[in-house]
Amino acid sequence: MKPDLELNVECFNLKYTLECGQCFRWECTENNTYVGVIEDRVIKIKQEENKILVWSSLVDNLEEVVCEYFDLNKDYVSLEEEIAKIDKNVEESLKYSSGIRILNQPLFETIISYIISANNNIKRISRSVKDISRKYGKKVVFENNEYYLFPTLEEIKNITMDDLLECGTGFRARYIKNVINYFIDNNEFLINLKVMDTDSARKSLMTLMGVGPKVADCILLFSLKRGEVFPVDVWVKRIMEKLYFKDNTSIKEISEFAKDKFGKHAGIIQQHLFHNVREGNI
DNA sequence: CTGCAGGCCGGCG
DNA sequence: CGCCGGCCTGCA
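In my numbering, the protein residues as written are 496 to 777.
Calculated directly from the structure, the hints in this document are not laboratory data.
Even glycine gets a Cβ: it sits at the ideal position worked out from N, Cα and C.
Everything hinted at is true.
Listed next, with one range per pair, are the computed distances between beta-carbon atoms:
id, residue 1, residue 2, range
1, 692, 728, 22 to 30 Å
2, 622, 553, 21 to 29 Å
3, 559, 739, 35 to 43 Å
4, 704, 748, 25 to 33 Å
5, 639, 728, 36 to 44 Å
Let's have the full structure, built from the sequences with the hints guiding it.
As structure tokens, this is what we get:
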């Protein structure tokens with residue numbers, strides 16, 4: 496079937512971008528083809544070399560939505576050239592994972608998803624997000640299959656602890672319930688976050704129950720376009736120790752080192768390191 | 001059966 | 001204020 500949208504892309508790898516762990520809802524249906532949900536629509540996207548083909552349940556503003564989500568308006572050719580000059584470790588890592596992009600994901604969904612991610616594994620995180628969507632999100636039929644949007648705050652505001660436990664969120668259920676109640680009572684919170692400077696936004700996010708330094712950084716990077724943050728999880732900690740410290744180092748020290756060394760592009764470097772350590776390339 | 005998975009909370013020194 | 005034990009749950 497004819498795509499709803501075709502775009503030429505440079506320095507873009509769909510597979511790496513969707514499988515480097517920054518998002519939880521995309522499924523690979525066949526080779527180079529992925530189906531997922533972006534805000535209010537189901538998207539099927541396929542890469543053929545320097546071209547992407549897109550089909551969607553909703554074609555209004557499709558190009559704008561896709562470009563925003565996959566960060567297609569940014570020049571990653573220059574970006575990768577620039578960060579390759581930082582040192583041999585980054586340069587080497589880029590060889591295996593050129594074309595990873597930092598997604599711009601919907602804020603509310605990203606906050607809830609990353610609260611769920613704490614001390615959890617990707618498979619179970621994905622299942623929880625999907626179950627929450629099925630229970631409370633709007634159903635969309637696309638190509639004869641049923642999909643569910645991630646619920647809006649209004650749709651999910653009456654979710655119970657039992658529902659959250661049924662969705663496999665475990666001890667994080669009370670965090671999620673607490674955060675949803677907080678957003679209901681403070682409807683300016685999410686709007687304000689977007690216009691705050693990064694340090695203030697980070698502090699603000701960390702006042703939320705279930706949001707510590709790592710989760711806050713993921714929200715800042717994967718939803719709020721703060722490319723200078725460097726989330727340190729166990730994998731990144733491991734590879735940073737191996738590449739730069741040679742022994743056990745605190746997360747705080749690693750963060751400060753990365754901020755210093757990688758500067759405003761720390762976030763994309765974190766994604767390349769994460770991808771390659773998980774793939775066993777470095 | 002233990003250990004562990006993209007950490008965070010809460011209580012303690 | 002930094003440290004550290006405990007934690008839902010499913011899978012190896």
